[in-house]
Every structure is written in structure tokens, then in C-alpha cells.
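Chains A and B supply the protein sequences, listed in that same order.
Here the first sequence stands for residues 5 to 766, numbered as in this note's numbering.
Here the second sequence stands for residues 5 to 766, numbered as in this note's numbering.
Bear in mind the hints are in silico, worked out from the structure with no lab data behind them.
Here the structure is a predicted model, which is why all the values come from computation and not from measurement.
Do not take every clue at face value.
To be verified - Label-pair distances were calculated between CB atoms; the ranges are:
hint : chain 1 : residue 1 : chain 2 : residue 2 : range
1    : B       : Val561    : A       : Thr439    : 15 to 23 Å
2    : A       : Asp258    : B       : Asn292    : 54 to 62 Å
3    : A       : Arg499    : B       : Gly530    : 21 to 29 Å
4    : B       : Val561    : A       : Ile514    : 44 to 52 Å
5    : A       : Lys241    : B       : Thr133    : 41 to 49 Å
6    : A       : Gly530    : B       : Lys531    : 25 to 33 Å
7    : B       : Gly424    : A       : Lys541    : 38 to 46 Å
8    : B       : Cys562    : A       : Glu234    : 53 to 61 Å
9    : A       : Ser338    : B       : Thr439    : 34 to 42 Å
10   : B       : Leu293    : A       : Ser338    : 43 to 51 Å
11   : B       : Asn292    : A       : Lys241    : 29 to 37 Å
As the list claims (entries may be wrong) - With a straight-line Cα cutoff of 20 Å, these simulated DMTMM-like cross-link-like pairs (lysine to aspartate or glutamate) come out:
hint : chain 1 : residue 1 : chain 2 : residue 2
12   : A       : Lys432    : B       : Asp177
13   : A       : Lys432    : B       : Glu447
14   : B       : Lys432    : A       : Asp177
15   : B       : Lys436    : A       : Asp177
16   : A       : Lys387    : B       : Glu180
17   : B       : Lys432    : B       : Glu496
18   : B       : Lys241    : B       : Asp226
19   : A       : Lys436    : B       : Asp466
20   : B       : Lys387    : A       : Glu447
21   : B       : Lys436    : A       : Glu447
22   : A       : Lys436    : B       : Asp177
23   : A       : Lys78     : A       : Asp650
24   : B       : Lys432    : B       : Asp377
What the hints assert, rightly or not - Derived, one-sided and incomplete: chain A residues facing chain B with beta-carbon distance under 10 Å:
hint : residue
25   : Asp177
26   : Gly247
27   : Gly390
C-beta atoms are modelled at their ideal positions from N, C-alpha and C, and glycine is treated no differently.
2 protein chains.
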Amino acid sequence: MKLLLRTTLLSLFCLPLSKGYTEDSSYHQYIDPLIGSEGLGNVFVGPSTPFGMVKPGPDIGTHSNSGYDPDLTKSLVGFSQVHVSGTGGGPKYGNISVMPFSGNVESIDQSSLRTNEQAQAGYYATVLTKWDIKAELTTAERAAFHQYTFRDTAHNAIKIDGGFFLGENPVPDAREAQQFVGSEVDVLSSTQIQGYSRIRGGWNNGNAYTVYYHAELDQPCDRFSTFKGETLYPSVKEQFDSGEKTGGLCFFSDHQRKTVKMKIGISFISEAKAAENLRNDIPHWDFNLVRQQTEQKWERLLSRIELDSTASVEQRKMFYTGLYHTMLMPVDRSGENPLWTAMPYYDDFYAIWDTFRTSSPLLTIIDPERQADIINGMLNIYKYDGYLPEGRSGNTNGRTQGGSNADIVIADAYVKNLRGVNYHLALKAMIKNATVAPGGNSEKEGRGGLPDYNRLGYVSTDYVRAGNRTLEYAYNDFALATVAKGLHRMGEYYRFIEQANNWQNLWRNIEHDGARGFIMPKDVNGKWIDEIPCDIKDGVATRVSYTPIAQDWPNCVCWWCGFFYEASSWEYSFYVPHDIAAIIEKSGGSDAFESRLNTFFEHNYYNVANEPSFLTPTLYHWLGKPHLSSDRVRKIVQEHYSSKRDGLPGNDDSGAMSSWLAFHMIGLFPNAGQPYYLINSPQVKSATLHVEGGNTFKVIAENYSEKNRYIVSATLNGKPFHNTWINHSEVIKGGELRLKMAAKPSNWGEGKFPPSLTTTQK
Amino acid sequence: MKLLLRTTLLSLFCLPLSKGYTEDSSYHQYIDPLIGSEGLGNVFVGPSTPFGMVKPGPDIGTHSNSGYDPDLTKSLVGFSQVHVSGTGGGPKYGNISVMPFSGNVESIDQSSLRTNEQAQAGYYATVLTKWDIKAELTTAERAAFHQYTFRDTAHNAIKIDGGFFLGENPVPDAREAQQFVGSEVDVLSSTQIQGYSRIRGGWNNGNAYTVYYHAELDQPCDRFSTFKGETLYPSVKEQFDSGEKTGGLCFFSDHQRKTVKMKIGISFISEAKAAENLRNDIPHWDFNLVRQQTEQKWERLLSRIELDSTASVEQRKMFYTGLYHTMLMPVDRSGENPLWTAMPYYDDFYAIWDTFRTSSPLLTIIDPERQADIINGMLNIYKYDGYLPEGRSGNTNGRTQGGSNADIVIADAYVKNLRGVNYHLALKAMIKNATVAPGGNSEKEGRGGLPDYNRLGYVSTDYVRAGNRTLEYAYNDFALATVAKGLHRMGEYYRFIEQANNWQNLWRNIEHDGARGFIMPKDVNGKWIDEIPCDIKDGVATRVSYTPIAQDWPNCVCWWCGFFYEASSWEYSFYVPHDIAAIIEKSGGSDAFESRLNTFFEHNYYNVANEPSFLTPTLYHWLGKPHLSSDRVRKIVQEHYSSKRDGLPGNDDSGAMSSWLAFHMIGLFPNAGQPYYLINSPQVKSATLHVEGGNTFKVIAENYSEKNRYIVSATLNGKPFHNTWINHSEVIKGGELRLKMAAKPSNWGEGKFPPSLTTTQK
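Please put together the full structure from these sequences, using the hints given.
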């Protein structure tokens with residue numbers, strides 16, 4: 005079935021395209037939005053432009069994060085216009101739901117099973133089996149295009165529902181649940197309807213946001229009903245906002261055409277702005293043109309990294325879908341911010357804790373102008389909301405999971421000399437993170453537990469998530485110090501480079517499963533904590549031993565209340581990205597560390613499905629044994645990634661999982677916040693990077709095959725290259741990194757250790 | 005001139021009124037909105053219903069707080085629909101400006117000098133001299149009514165300006181300045197126009213708020229122009245929001261009537277809600293009916309306290325205008341909150357630091373249901389925004405000046421047994437104030453410097469406003485302890501009743517002008533601070549001695565950055581409202597304290613224009629010498645209050661000054677947060693309070709005259725009454741407090757000391 009769909013799809017690309025690329029050079033055909041739609045991926049499957057504000061897609065039930073659920077036995081309840089991709093936690097958005105239906109029923113609730121689902125770049129289609137309606141979606145940045153083909157011309161209708169949203173919970177103020185605030189509908193003519201939906205809450209417990217719409221049909225409704233709450237009002241054209249759910253039903257005459265087109269402009273500002281967005285984005289009725297334009301937008305970005313022709317279709321799908329996933333969010337809402345006018349404005353940082361590690365660095369390669377734009381958007385958030393975002397959605401900062409990781413995004417840009425960013429302003433924003441506690445807003449922004457951290461050098465058990473907060477703040481401080489030094493702000497540099505060692509204050513010299521030294525909880529008086537409170541049973545608090553594999557959340561305490569966020573001490577005790585040499589030493593030296601790493605992977609302490617261990621498979625590089633990193637990475641990819649629908653091992657988190665994979669496929673891996681990429685065995689024969697300034701950088705794996713998977717030597721622009729890492733400045737100069745591959749590792753990399761704070765300061 | 009206007013005005017009240025009250029029992033006639041319009045009062049002079057959301061009024065220039073400026077040589081630039089009253093700091097609101105004009109000019113800027121100004125309850129009128137247009141305004145809760153009488157029927161027009169607002173500053177993000185975000189205009193028909201204005205900033209540096217309008221005219225515009233920025237678009241009916249200023253000009257045909265009526269519905273939700281508000285509030289075209297209904301709303305409230313017939317017109321004007329000023333804000337925006345749906349919702353707490361002392365207690369007497377409603381609104385703000393408001397405007401908490409004084413409003417309600425408030429939720433909100441530092445949001449809400457306060461027992465000089473913060477937090481803690489004890493939460497009670505003594509940690513045993521002991525700055529190590537940094541001159545920081553009259557703000561540091569907020573140590577060292585006995589003792593005993601008080605008033609350390617010293621003139625009560633309090637109060641009233649336009653000595657601050665006066669006129673004065681009123685010499689022969697449950701409480705000053713101004717004995721319901729204070733519970737029972745007045749003080753009050761923490765705990 006799937007194969008059949010693919011064939012149909014490929015034939016579409018034979019259409020002449022205006023921008024002059026041919027099928028041969030077409031990369032967007034390898035985008036498969038359904039990768040990651042099953043399992044934990046939670047990806048959005050509908051059409052989207054890169055960083056596009058509008059993401060129309062199917063809502064299967066009401067409780068999926070992306071609107072989508074692969075289960076074909078669950079009903080599709082509508083196609084709403086705004087979604088997120090890859091997220092966990094409480095759902096967000098799912099606003100302005102549109103549903104075609106047939107029959108004589110005058111009912112607000114309309115749902116159907118679906119079949120024949122297709123998803124490609126800029127296109128989604130399915131058939132609603134209840135009425136045999138084919139629904140097709142494409143989209144521009146700020147306007148969606150729906151096309152519905154009914155079985156025949158009789159008794160057809162379309163519902164537009166301003167009351168729908170994802171994650172509804174009847175409990176008022178339920179944590180992480182979206183809650184209804186208000187809505188409106190206004191039938192302007194037989195072909196125009198507009199209104200809005202105002203929703204608060206969701207994953208980041210955000211303030212109310214308002215999604216305005218202006219929809220136009222290519223043929224008139226014979227009659228309209230509007231609704232408020234559960235009541236239908238035939239021929240009533242307007243429902244004002246009384247805090248109830250409203251929408252409209254458009255009933256077509258039996259003389260309509262079978263295929264009905266509907267364009268929906270969306271805005272976060274007003275209905276009139278939504279209409280303007282529609283006029284701007286889609287000033288015609290050509291569904292295919294919109295689709296092609298969106299394909300071309302993707303094509304322009306995907307073609308920045310070209311895999312050589314020997315890469316398999318499976319690999320191309322994994323790789324280009326990976327790039328695609330990385331560019332779905334944050335979304336560009338410049339000119340669409342109801343809070344202030346400064347531009348650029350981006351929303352849906354969801355969350356930087358996930359994306360700083362690989363998504364931001366990947367974007368810096370593919371589209372440095374965009375990355376600078378995003379950072380400038382973050383700085384505007386700092387300027388007008390007071391703090392840089394960590395998570396942000398619906399125009400509200402929140403939530404923080406660990407550190408103030410925007411610091412690392414900024415440092416990463418700074419060390420890679422990303423142009424167009426006011427780094428003095430950025431440093432100010434970082435210093436605010438590091439010095440002004442967010443107090444009661446610590447779920448929202450800034451550094452919770454900062455008073456402890458700045459007084460004691462660690463976050464004590466007086467605060468939740470004290471373990472990963474301490475670790476992340478230490479690395480955030482390293483990032484701050486990096487930028488401060490570059491800007492000759494030596495006062496800040498000396499303070500924060502010292503604080504970058506703060507993780508050591510929670511390093512406890514205990515042994516577990518053969519490994520020595522772990523990040524462990526310490527109270528405010530400096531006393532190590534051996535037990536943690538858990539359930540209260542029969543009135544007595546039970547306590548459990550705190551070991552490096554102990555996990556207090558979510559059983560003993562709430563999800564956000566453990567010592568670590570979403571990982572164990574085994575995982576987090578590797579999280580010192582700026583000083584791997586120091587943890588090697590503290591772990592007992594190279595051999596002990598190698599053994600510790602092996603235990604980590606072999607005893608299942610490693611969690612492929614989450615971000616804290618993103619760097620860990622490559623830590624062998626700091627032992628001078630990059631081939632062991634290569635082995636680990638290859639095994640992880642083979643076991644956990646694929647081009648199948650369940651081809652992502654965890655929540656994609658705005659492309660975090662996807663970008664981790666994409667980097668590893670081309671043999672480079674960033675240590676975000678630092679200027680280099682680790683060189684690791686590529687998984688393709690060659691990759692060509694079209695980097696800023698028109699330069700081309702090639703990574704060539706000479707003699708590469710499934711068997712010849714070890715780098716045995718390297719040259720850069722023809723000269724021997726001994727380091728197992730390469731600076732970003734070398735990459736963007738353009739050139740050729742030629743890696744000689746063989747079936748057995750050589751001593752390449754031996755005695756070469758990527759930078760560590762301890763060793764560079766020596 | 006003024007006399008003439010008054011005569012004209014009084015004749016208006018001979019109209020038959022539907023609710024059956026006659027001129028004899030009419031109190032609203034004594035409302036003079038112009039009291040406090042000159043000098044520092046900053047009151048709003050246009051019409052308003054009690055706590056009404058809509059306040060249409062003249063804007064004289066663009067930088068007055070209330071829109072009004074008494075200077076007749078300054079131009080009137082329009083009549084906008086939303087204002088605040090009595091505030092200082094940066095202006096707020098001034099949205100949706102309407103301006104009639106005549107002539108052939110097609111220009112956006114229209115302004116005129118004015119003459120023949122009239123202001124009464126529910127009515128404002130003036131003549132625009134440039135075109136000889138009479139403009140009249142009245143209002144309902146959520147819709148305003150404008151009536152313009154042109155000189156003749158030719159070449160007339162009305163401008164509706166969604167781009168106007170008060171306090172515009174070309175500097176982006178200027179502190180306390182309102183800043184433009186966006187606007188829209190939509191001409192629906194020849195008689196209907198709607199749109200919105202979105203503004204951020206202002207005094208509380210608030211988030212963007214949106215004021216939507218829907219305006220209707222009683223006769224058609226011959227043609228319309230809309231504008232965006234500086235450009236006029238003849239016959240273009242819609243301007244969408246592109247972040248520019250928009251509005252519309254309605255040009256009448258020469259066949260119009262001379263008098264044009266315009267009704268404007270306002271909403272913070274949407275244009276359609278604004279239209280609904282208009283339909284609800286003013287479903288007709290009878291200007292006088294709206295005016296009369298608004299008069300009646302005031303009448304119902306003012307008649308809760310009746311001054312006896314011997315009170316002079318001047319006294320009535322002062323008193324009833326005082327009550328009126330107290331009920332202009334906060335404004336009832338239930339159903340008009342774009343952030344959440346919970347009701348009630350009130351906005352424009354501006355600020356509780358001003359209003360907790362006398363405004364809230366006055367309202368608890370006049371309209372306890374309303375006060376409970378307001379507190380429930382505050383609790384909703386805690387529930388959905390995280391903290392109780394201290395200041396709040398435009399749907400955003402902010403700013404804090406000193407303590408978390410909502411605590412005192414709650415305690416005041418609790419000790420007065422105000423029904424309909426969830427005090428358990430209220431205690432939770434108070435505990436949050438007292439335990440969760442607002443961190444980077446300390447300008448907005450909560451208690452800045454709380455980490456110091458909770459660790460050291462005082463706010464150190466590491467934080468700004470450390471002096472009044474410490475004092476206010478101590479009293480806030482007393483309020484918290486009061487409620488905790490009542491709810492049998494003894495753990496909290498013991499902690500916070502102890503903390504109520506924290507003011508003592510900043511009490512320094514130094515002498516100044518004959519007085520001993522002052523609240524003085526202390527650093528984080530417990531060291532008293534003798535000097536404060538001031539200007540930097542020639543690269544060297546100058547320092548000035550810190551004495552009890554030193555004022556570091558705004559010359560040495562910013563307005564908000566001094567050790568005290570808006571007052572000196574002489575003033576603040578009396579601010580221990582829960583333990584006057586303790587400051588008497590610390591000052592050296594009764595004689596020393598009496599002398600200190602005398603010095604305070606006689607050496608001009610007292611500032612009548614601000615709230616910190618509201619209680620101080622009555623502190624003689626705690627010396628058993630209430631007649632000295634009476635002398636002080638009488639002198640202050642005589643010297644600083646009147647029924648003239650400059651009849652308020654300071655910013656009225658939502659009626660703070662006015663309610664201080666009103667209480668003193670009837671011989672009762674509250675110590676907010678505690679259950680009693682001090683009994684002081686009334687300034688009228690009798691006052692009848694119609695309190696909750698239909699009871700009547702009379703304060704009778706027997707034998708009162710200008711000469712017989714001392715209370716020499718008292719009876720309550722015929723029985724001798726020796727205390728110089730009376731509990732609220734006695735007042736609401738109903739009854740008669742009969743005070744015997746004489747020309748010389750007696751020993752009444754001797755040996756009777758109102759409650760103090762020190763003495764009640766002994």
C-alpha cells in the first residue's frame with residue numbers, strides 16, 4: 005500500500021517547476037512526514053513551509069500532541085490549522101478546525117474514520133470513509149489551502165469550528181491542559197467566514213493566545229448556520245464572544261461542484277490581518293501551485309546538503325526528513341506578535357533544552373541567516389518579556405526543564421561567528437539568566453534555584469531538579485564565559501569560567517556497577533542525601549535509597565520534581581560538555597572511563613529516546629578512540645532509526661532526534677556552544693555542504709562500505725588531518741575533508757583529544 | 005463663571021427621575037468631578053459609573069494621567085473612552101479618541117481650545133471654540149454616549165482615532181511610557197464603525213492590552229475616509245493591523261441635523277463584544293436617560309452614608325465627591341478578560357499601596373458585596389497570574405512600591421467578617437507572597453528582597469526600597485498571621501506573628517531633631533549604613549550622609565531606587581500600624597513620642613500629599629490623647645482640602661486622598677487590616693451609615709460647632725463608651741454612637757490605648 009502511494013507521489017514531481025530544478029536534483033521527494041508518526045516521535049504529518057506559522061493537519065481524536073494518531077480505528081474529528089511537531093507533555097494548539105461532511109444531519113459533532121492517507125512535503129490527503137470525501141491539504145506560511153472532493157454534489161457541508169483545540173480537559177486549570185477562553189464567528193458572505201479562537205494553558209501553562217482566521221470558499225454556501233455551545237442558529241451570521249465555543253456550518257446547494265476549495269488565512273493579530281495574510285500568501289485558487297511553491301521552499305533548504313548518489317533511498321528519506329523535521333519549528337511570527345512590534349519574532353521554542361544540542365547547530369550550517377534571525381527573535385523576547393526563552397509557545401515563555409540553554413545557542417552562534425547578532429545585547433541576556441533568579445516564575449524562565457547555585461556553587465535539594473540544574477548551569481556558565489571573553493568582558497569571564505566547574509560540587513566519589521563518581525544530591529548544608537522521600541503509605545513517608553540509577557520521578561514525586569529531569573545519574577554524570585577530560589580524570593582515568601562508557605551502553609543505562617545523552621556515544625573521542633564512538637553511533641542508528649513510521653526512537657522535539665541523526669549520517673557531530681564538530685564515521689559515501697558565502701565543503705568517505713566503516717586516516721584539502729574534530733571556521737571556508745575508510749580501525753585519533761576546559765586551561 | 009455653571013447644573017436636577025428620589029434626598033448633585041482636577045489631584049473629570057470600565061473624557065494634550073489638564077490655553081485633542089483617575093507616574097489608557105470638527109479640512113490632526121466646561125456625576129460638557137461645537141458626554145458601564153452640537157449643518161465631521169493614547173513617547177520602550185502596538189478600523193455602514201487599539205507599557209510597564217470599539221451614529225455619514233499612519237484613504241472602508249495607527253473620518257452631508265449622537269461600545273475582548281456591550285448598555289438614543297441612570301447608580305451608593313442637613317454645601321461636596329472618587333477604580337471587567345474566563349474580574353488596582361489604607365475600608369462600609377467581589381477578583385488574579393495584584397492595569401500585574409499590601413486588604417475583610425470570600429484560598433495567596441520571591445519580577449508582584457527578609461529579618465541595602473519594604477512586609481506578616489490564626493493555621497500564625505516584629509531589625513537608636521530611634525539602612529552583614537552613594541562627579545562617586553530626613557531619590561538614585569519609597573525615615577518610622585505601643589516605647593515613652601509627633605507636624609516632616617503618613621495624625625490616640633489627633637486632622641483638612649478644583653493635596657490615587665478625608669469628616673478612621681475604627685472628632689453634626697443587613701449606625705456629634713470640636717464623652721446605644729476606638733462589628737450591628745462635644749478637651753480617652761501587638765500579647 006505504502007509503495008503504491010510512493011509511486012503516485014513520484015509521478016507528481018514530473019510537473020514542470022518554475023525554479024528550474026529537475027527530478028534528479030529533487031530532495032524534497034525524500035521527505036516523508038510520516039517518519040516518526042508512530043511510536044514516540046509525535047511528529048506533525050500535515051503540510052508546512054519551513055518555520056511556517058500555519059500547519060494544517062488532521063486531528064485524530066483530541067489528545068495527540070501533533071493532532072495525529074496512527075491508529076486507523078480512531079476517528080478523525082477535523083483538520084485544524086496550527087500544530088506543533090514532535091512534542092511531549094500536554095498538547096498545544098489545534099485551532100480552527102475544519103471538517104467536511106455529507107448528509108442531512110444538522111449536527112455540530114462530525115467525525116469519520118479515514119483511509120488512503122498520504123503525506124509529502126507540502127501535502128496531506130486522506131479519505132473520510134463515512135462519507136467518501138477526499139480531503140487534501142497544502143499550505144503557505146500564513147494561509148492553508150483545503151480541497152475537499154465529495155462523493156457527489158448532494159447534501160454536502162463544511163464545518164468551521166472556533167471552539168476546537170487539542171488536549172481539552174474538563175477539569176478547570178488542569179496542569180498542562182489547554183483551556184478554552186473564548187471564540188467568535190462572523191459569516192461575511194456566502195463564501196467568506198471569519199472569527200477566532202482564544203485558548204490558554206497547554207504544555208507551557210501559557211497565557212491566552214488568540215488564533216484568528218479568515219476563510220474563503222471557491223463556491224457559495226447555499227445557507228449558513230452558526231453555533232454557540234451546543235446550539236445551532238440557522239441563518240444567524242454572527243456569534244460574539246461570550247466565553248463559549250462558536251463556529252459555522254456551510255451547507256452547499258446540490259448544484260455545487262464536487263470539489264470544493266477553501267483557503268484559510270491565519271493570524272495571531274486579527275481577522276483582518278488573517279485576511280491580509282490570505283491575500284498575500286494565496287491570491288489565487290490553484291491548489292497545486294501552493295503545493296509546488298512549498299515544495300520549492302523545502303528544496304532550496306534541503307539542497308544545502310547533498311548526499312551523494314550512492315546513498316540509498318532509505319538513507320535519503322531518513323536524512324532529508326531529518327532536515328525537514330529540524331525546520332518545522334520555531335515558527336516565524338514576525339508581524340504576528342500581539343505583544344510588541346519588534347521584529348523578528350519567533351514562537352514555539354519547544355524546547356531549547358531539546359534543540360540546542362543538534363537542531364540549532366544544524367540550522368547554522370544549512371541556513372545561517374535564519375539561525376541569526378531566530379536568535380534575534382530570542383533577544384527580542386528577552387528585551388520585551390525580561391528573559392530569554394527556554395520553552396515558549398503561544399507567546400508565553402515556559403517551561404524550563406533544566407538550565408538556561410538559550411545561553412548555549414548564543415555561544416554556539418558566537419563561536420561560529422554567526423553574523424547579524426548583537427552579541428553585547430545577547431551577553432546582557434545571558435548575564436540576566438545567571439544573576440537574576442526568576443523566583444516564582446522559575447517554571448517559566450531563567451534559572452530556578454539560582455540563589456543556591458550562586459551562594460553554594462550547586463543547587464541544593466531545597467529545589468527540584470537540583471541535579472541537572474547544577475550540571476546545566478555549569479555549562480551555561482561556560483557558554484556565558486565564552487561570549488564574555490570574546491567581547492573582552494573579563495570580569496564576567498573570570499567569574500563564570502570558574503563557575504563552569506560547579507558541577508564538581510555535586511560529584512560524589514561513590515561506586516556503582518564498576519563506575520566511580522556520580523552526580524548526587526546534596527542538601528543546603530552540604531550533606532549528601534542517601535535517601536529520598538517517596539510515597540506516603542499508612543501515614544508514614546516511605547524513603548528509597550538514592551543510587552545512580554534511582555529515579556524518583558514520576559512515582560515518588562511529580563515529573564518535574566525529581567533530582568534529575570527525565571534521566572538518571574548514570575546519564576547525567578556524563579553531561580559536562582565543556583570538560584570531558586575532567587570527568588575522565590574523576591572517573592579514574594582513561595581505562596576506567598572507557599569501561600564506564602561501555603557499561604553505560606551495555607547495561608542499558610543509555611536512553612536513546614531522550615536528549616541528555618545526545619553527546620555520550622561520542623565521548624570515546626576524548627579517549628583518542630573515535631572508532632568506538634563510530635561503533636556506538638552506528639549501532640544506535642541501526643537499532644533505533646529507520647525510514648519507517650516508527651523510525652524515531654523518542655519524541656522528535658522540534659527535530660532534535662532528527663538532527664542528531666542527520667549529523668551522524670554525514671560524519672560530523674557538534675558539541676553545541678563550542679566551535680568544532682567531532683569527526684565520526686559517515687554513513688554515506690559523501691556529503692556536500694553548501695555553506696554560507698557560496699562555499700562548498702565536502703565530507704568524503706573514501707572506500708566506504710558497510711564493512712569499511714572505520715576512519716583510518718584523513719586529509720583536509722589534501723593535507724593530512726590528525727585531529728578527530730574540525731572547527732566550524734574550516735568548514736565554512738569550503739574544502740574537502742577526505743576520510744579514508746577501512747574494515748579495521750587504525751591508530752587515527754590516538755593521542756588526540758578534543759578540547760576540554762581542564763586541558764585548555766593547563 | 006463657576007457659580008453660573010453651578011446654577012445651570014442644579015436646574016437639571018429638577019427633571020423627574022424614574023427611581024423616585026427627589027432633589028431633597030439627592031446626593032449625587034454634590035459630586036463635583038472637578039475637585040482635584042487642579043494641583044496634584046490628577047482626577048478624571050469625565051463621566052463614569054461606579055467601578056465602570058468605560059470612562060469617556062477630554063484629553064488635553066497627550067501627557068496628562070487622567071487625560072485632563074485644567075490649563076485652558078492647552079488644546080483639547082479628543083475625547084477618548086478609557087481613563088484612570090488620580091494616578092501619578094506614566095499615563096495609562098486614553099484609547100479610542102473621538103473628535104468632532106467642522107470645515108473643509110481633510111486632516112487627521114484636529115484640536116481646539118475649549119470653554120464652558122461642565123462636569124457632574126455622569127456628565128461632562130465643553131465647547132470647542134475653534135468650531136463652536138458643544139460636546140457632551142455621558143456613559144454607561146461599558147458604552148459611552150457622545151453628543152455633538154455643531155454651529156450649523158455644513159461641513160461637519162467626526163474623527164475616530166484608534167491610534168491615539170496617552171503618554172506617547174517616541175523613544176522605544178521608554179520606561180513607564182505607553183507604546184503603540186497596533187490598531188484597526190472597519191467601516192461597517194454609513195452609521196457604524198469599529199476597530200481596536202493595542203497598546204503596551206505605561207506606568208506598570210504592562211503587557212499589551214487591546215481596547216475594541218463599536219461605534220454607532222444616529223445619522224449617516226455622507227462619506228468616510230479611513231487613515232493609516234499619516235495617510236488618508238478616501239472611501240477605503242477597512243485598514244487591517246500592520247502595526248500602524250488607523251482611524252476613520254466621518255463627513256456629514258449638509259443635510260444632517262445640527263446635533264449628532266454617537267454611542268460607542270467598548271470591550272477588551274473583541275469588536276463584536278463591544279457591539280454587544282453597546283446593545284446591552286444603551287439600546288436607545290436617549291442621552292439624558294443614560295445620564296440619569298448613571299446618576300441613580302451613584303445615588304444608590306452615596307446614600308449609604310447620609311450627612312445631616314446642617315452640613316454645608318461645601319462639606320457635602322467634599323464628602324460625596326470623596327465617596328465618588330473612591331468608587332471610580334478598580335474597574336469591573338468581569339466577562340472582559342482576554343486571559344481567562346473566571347469571574348469576577350477587576351482591573352486597575354492603581355495601586356493597592358495607596359488604596360488599602362482608607363479606600364478599601366470605606367468601600368467595606370458602603371458596599372460590602374462590591375468589596376467582596378473585588379477581593380474575589382484579586383484572588384482570581386492570584387489563581388491565574390500567580391500572585392495577588394499590588395498594582396495592576398491593562399491586565400498585567402505591576403508595579404510594586406513596597407509590600408504585598410493585598411495581604412492587608414484581605415486581613416481587613418477577614419477581621420470585618422466580610423462574607424463571600426474564600427479565606428482559605430486567600431491565605432494561600434498571602435503565603436505565596438510571604439514565601440516565594442518574585443525574583444526578576446519583583447517590580448511586578450510579590451515581595452522583592454524576600455530572600456533577605458526571610459533570612460536576615462530585614463531587607464538589606466542589596467535591594468532598593470529596603471526601608472519601606474521591611475516595614476511593610478512586617479505589617480503584611482501581621483495581616484497574614486491574623487488570617488492564619490482565624491483559620492486555625494497555627495503553624496503559619498506563629499511564624500508570621502513573630503515576623504511582624506521584623507521592623508525592629510532596622511530600628512536604629514539614633515537621635516534627630518529631638519527624636520530617638522529611626523528606621524535606617526543596614527547592609528547584608530548587619531552593618532548600619534551612614535552614607536549613601538549619590539552622583540558621580542568628575543569620575544568620583546559622591547556620597548551623602550544618610551539621616552532621617554535624607555532623600556536619596558530621585559536625585560542620587562532613581563525614583564524607585566531609594567531606601568524608602570516616596571517618603572523619609574521621619575515619615576516611615578511611624579509606619580508600624582500593628583504596634584504603635586512598641587514604637588512609643590522605642591521612642592522613649594509617651595512624652596518623648598508626643599514630642600516626636602509634634603516635631604513631625606511642626607517641622608514639616610509630615611507630607612500631606614502621600615499615603616505613608618495616612619495614619620500618623622491619629623497616633624495621639626495611642627497616647628490616650630485623642631483630642632490632639634483631632635487637632636491635627638482638623639488643621640490638615642482646613643489647610644489642604646476643599647471643594648475647590650485644587651481641593652486635594654496629592655495624587656488622589658484611585659480615591660485614597662478622598663477616602664482619608666471622608667472617614668475623618670464622619671469621625672471614624674480605620675487602621676486597615678485591624679477590626680476597629682479610631683473615634684475622632686467628626687466635622688459634621690451627624691452621619692447616618694446604612695450598613696449591611698439593613699442596619700443603621702449613626703455617629704452623632706452632640707453640641708458640635710466649629711468651637712465645640714472636642715469629644716468630651718461618648719455613649720454607644722445610650723451606654724457610656726470609654727474606648728477611643730470602636731469595632732466594625734459594633735458598627736454593622738447598627739446603633740448610635742453619641743459623642744458629646746465641647747470647646748475644651750476632657751479626660752475622655754485618657755488611659756485608653758487602641759490595640760497594639762506588644763500590649764495585646766502581654
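Comparing the hints with the structure gives:
1. B/Val561 - A/Thr439: 15 to 23 Å: 19 Å, holds
2. A/Asp258 - B/Asn292: 54 to 62 Å: 55 Å, holds
3. A/Arg499 - B/Gly530: 21 to 29 Å: 25 Å, holds
4. B/Val561 - A/Ile514: 44 to 52 Å: 50 Å, holds
5. A/Lys241 - B/Thr133: 41 to 49 Å: 45 Å, holds
6. A/Gly530 - B/Lys531: 25 to 33 Å: 27 Å, holds
7. B/Gly424 - A/Lys541: 38 to 46 Å: Holds: the Cβ-Cβ distance is about 40 Å, inside 38 to 46 Å.
8. B/Cys562 - A/Glu234: 53 to 61 Å: 55 Å Cβ-Cβ, so the 53 to 61 Å window holds.
9. A/Ser338 - B/Thr439: 34 to 42 Å: 40 Å, holds
10. B/Leu293 - A/Ser338: 43 to 51 Å: For B/Leu293 and A/Ser338 the Cβ distance comes to about 49 Å; the hint holds.
11. B/Asn292 - A/Lys241: 29 to 37 Å: About 34 Å separates the Cβ atoms of B/Asn292 and A/Lys241, which means 29 to 37 Å holds.
12. A/Lys432 - B/Asp177: 17 Å, holds
13. A/Lys432 - B/Glu447: 19 Å, holds
14. B/Lys432 - A/Asp177: Satisfied, since the Cα-Cα distance of roughly 17 Å is no more than 20 Å.
15. B/Lys436 - A/Asp177: Roughly 18 Å separates the two Cα atoms, so the pair holds.
16. A/Lys387 - B/Glu180: 15 Å, holds
17. B/Lys432 - B/Glu496: 11 Å, holds
18. B/Lys241 - B/Asp226: Status holds; Cα separation ~13 Å.
19. A/Lys436 - B/Asp466: Holds, because 17 Å separates the two Cα atoms, which is no more than 20 Å.
20. B/Lys387 - A/Glu447: 16 Å, holds
21. B/Lys436 - A/Glu447: Between B/Lys436 and A/Glu447 the Cα gap is close to 15 Å, so the pair holds against 20 Å.
22. A/Lys436 - B/Asp177: 18 Å, holds
23. A/Lys78 - A/Asp650: 18 Å, holds
24. B/Lys432 - B/Asp377: 18 Å, holds
25. Asp177: 7 Å, holds
26. Gly247: 5 Å, holds
27. Gly390: 6 Å, holds
Figure legend: structure checked against the earlier numbered hints; every hint is met.
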